[in-house]
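Heads up: the sequence lines are chains A and B, in that order. Under this note's numbering, the first residue of the first sequence is numbered 5, with each subsequent residue one higher. Under this note's numbering, the first residue of the second sequence is numbered 17, with each subsequent residue one higher.
Simulated from the structure, these hints should not be mistaken for lab results. Hints are supplied without guarantee of correctness; some may be wrong.
[What the hints assert, rightly or not] Label-pair ranges, simulated between beta-carbon atoms: (1) Gln29/A with Glu271/B: 46 to 56 Å; (2) Met135/A with Arg93/B: 31 to 41 Å; (3) Lys14/A with Arg93/B: 56 to 66 Å; (4) Lys96/A with Ser110/B: 56 to 66 Å; (5) Ala119/A with Arg155/B: 48 to 58 Å; (6) Met135/A with Thr22/B: 34 to 44 Å; (7) Ala119/A with Lys289/B: 50 to 60 Å; (8) Ile136/A with Lys218/B: 31 to 41 Å; (9) Glu73/B with Ile130/A: 39 to 49 Å; (10) Asn133/A with Ser56/B: 21 to 31 Å; (11) Lys280/B with Thr16/A: 52 to 62 Å.
Just so you know, these numbers come straight off a predicted model, no measurement behind them. Every residue, glycine too, gets a C-beta built ideally from N, C-alpha and C.
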Amino acid sequence: MICDICHKNKATIIYTEVINGEKTQRCFCDECAALMNSKAPGKQSKSDLPMGSILSGILSSYMERYIESRTPNKHDEAVCPTCGMKFSTFMKERLLGCPDCYGAFSMVIEKQLKAVQPGTVHAGKIPENAMIYNTTATESTLSALNAATDAPVRGGKKKASAGKTGKKAGLASDEASLRRQLEDAVRKEDYMLAAKLRDKIKELKNEKKDN
Amino acid sequence: MKKKITKWYMEKRDHDDVIVSCRVRLARNLSGYNFGRMLSDSEAQKLVDNVRLFKKEIEGRENKPYYSCDVSKLSPREKEVLLETHAISPDLYSKEQATGLILSEDESVSIMINGRDHIRIAAITAGSNMKKVAALANRVDDMLDASFKYAYSDKYGYLTSSLADVGTGLKASYMLFLPAITSSGRLGSLETELARFGIMIKGVHGDGNKSPGYLHRLCNRRTIGLSESEIFESLELVVSQIADLEKKQRREWYERNRSEIEDKVFRSYGVLKYARSLDLKDAMTLLAQIELGRFLGIIEPADVNFDIERLMLEIQPAILCTNAVTDDREISTDKLRAAYIRKKLPKIKTEKED
Ligand SMILES: [Zn+2]
Ligand SMILES: [Zn+2]
Chain A
5 MICDICHKNK ATIIYTEVIN GEKTQRCFCD ECAALMNSKA PGKQSKSDLP MGSILSGILS
65 SYMERYIESR TPNKHDEAVC PTCGMKFSTF MKERLLGCPD CYGAFSMVIE KQLKAVQPGT
125 VHAGKIPENA MIYNTTATES TLSALNAATD APVRGGKKKA SAGKTGKKAG LASDEASLRR
185 QLEDAVRKED YMLAAKLRDK IKELKNEKKD N
Chain B
17 MKKKITKWYM EKRDHDDVIV SCRVRLARNL SGYNFGRMLS DSEAQKLVDN VRLFKKEIEG
77 RENKPYYSCD VSKLSPREKE VLLETHAISP DLYSKEQATG LILSEDESVS IMINGRDHIR
137 IAAITAGSNM KKVAALANRV DDMLDASFKY AYSDKYGYLT SSLADVGTGL KASYMLFLPA
197 ITSSGRLGSL ETELARFGIM IKGVHGDGNK SPGYLHRLCN RRTIGLSESE IFESLELVVS
257 QIADLEKKQR REWYERNRSE IEDKVFRSYG VLKYARSLDL KDAMTLLAQI ELGRFLGIIE
317 PADVNFDIER LMLEIQPAIL CTNAVTDDRE ISTDKLRAAY IRKKLPKIKT EKED
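Only chain A is shown next, with the shape it has when bound in the complex (with noise of 0.2 Å):
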């Protein structure tokens, strides 16, 4: 099934909705149910969106599980070093915890913020004496993203064994050039090719390893 948002992505989510007696299935794929959540709060009409506000109240309770089941161990999660806030806190709050949490949940953020805001680069008054913080992607941000798309089933075992199959031939093999195109996805936020880029890097490591 394909997802009614996008019609490019797998439907995961499946959803029906009954309105005067009238029963309508909706379905849409992770990515598209994030969005919509992260624009539910602060939405204007409720008639820009297909469905009303209850949806949007089942799939954040949704997202939230969500997030969980995508965190399969506790220590596992992205966490701001310096703060402590946990990723699933952040998404479940929409607060910061700290200036350092705007580095380490970066990917997320540059999200949201094109979601309900014109631009995601500041415009305005630059102050005379500030600490300037790097919030550009960082160590934590690459864990955060491992948090976000790495489901627990589809670990590191069945990739591995392709990998080891032979099967990345003319692909880009050093880890340096690997570890550039993330970068350069998560910058575009494609973070399905920056899933599967990073699945590379962890290959070509453990193939070192091995070896």
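Got chain A sorted already, so can you dock chain B with the ligands onto it with the hints?
Structure of chain B with the ligands alone, referenced to chain A:
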């Protein structure tokens, strides 16, 4: 705060038929402290103590006395008064942790400490003068910038605890009196239209679109990707259009329902003048009718300086009880309110006779 000082809302203003007040708010956070969600109680107290020291600094620079306190240590009544005069935000009012306030004598400038952000600078003025409050808030911001280390990033600008404020940290808002637009039922479509420009409008002193005083707050939703002046310009443009529409609709509405509106206005005056008990909602609705009647030329208060918006503020429960001079401890707020309005409501100069 005990002396008689002219507060911003008591100042004589150029009467504006639509714009009641203008307010600018800047959200700022300091490096070295976690944001509110992750701030410990002891760090919160440290933050409040530290920022409150700024009182001396600003008094020296502005050459004016400022008032400062730990809001969390005030009595509920004192906090309510600050909330009703807009000196503190609901965030600060309801927070259990240490919170602080630095307030100018006329209450037009307030620096809130440890609300949703470490620091929130707010400047407010009666009537229409957004440029004045913007400059005022900016000046206070510069002084704070010189005294503390703000958390800032080249990409995201001023870092705030919520993504709804990040970038400029600026929320500029207008309080608007919109009886005709509200009564015509067009507020909903206006709201939808404004949302497309990243502008929010909502009723005050009431829930949703049902504002008893026809008072609505309009403010920018967008904070990043635009400069401060772009935000101010877009708001100004929208507000001037709304004001024109409101005034045009008031006249058209009056043309169509002349006798009905006149009856309503005089009836409202009668109730305000003679009622012995008035709840807040009724009083606000009735005062709004007087304001509308004045705009349409139906009634003319004998006192040209009579300020309905100020009266609307003074009849809020906590302000009312604080200002009330009475020996009767059992008297209800609604009775106090009716008595206060009776005293303040001016005579009508001309009454049109049919
Ligand atoms: Zn989709
Ligand atoms: Zn943090």
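Hint-by-hint comparison with the structure:
no.	hint	in the structure
1	Gln29/A with Glu271/B: 46 to 56 Å	holds (52 Å)
2	Met135/A with Arg93/B: 31 to 41 Å	holds (39 Å)
3	Lys14/A with Arg93/B: 56 to 66 Å	holds (60 Å)
4	Lys96/A with Ser110/B: 56 to 66 Å	violated (20 Å)
5	Ala119/A with Arg155/B: 48 to 58 Å	violated (34 Å)
6	Met135/A with Thr22/B: 34 to 44 Å	holds (39 Å)
7	Ala119/A with Lys289/B: 50 to 60 Å	holds (52 Å)
8	Ile136/A with Lys218/B: 31 to 41 Å	holds (36 Å)
9	Glu73/B with Ile130/A: 39 to 49 Å	violated (22 Å)
10	Asn133/A with Ser56/B: 21 to 31 Å	holds (26 Å)
11	Lys280/B with Thr16/A: 52 to 62 Å	holds (57 Å)
Of the numbered hints given earlier, the model fails hints 4, 5 and 9; all others are met.
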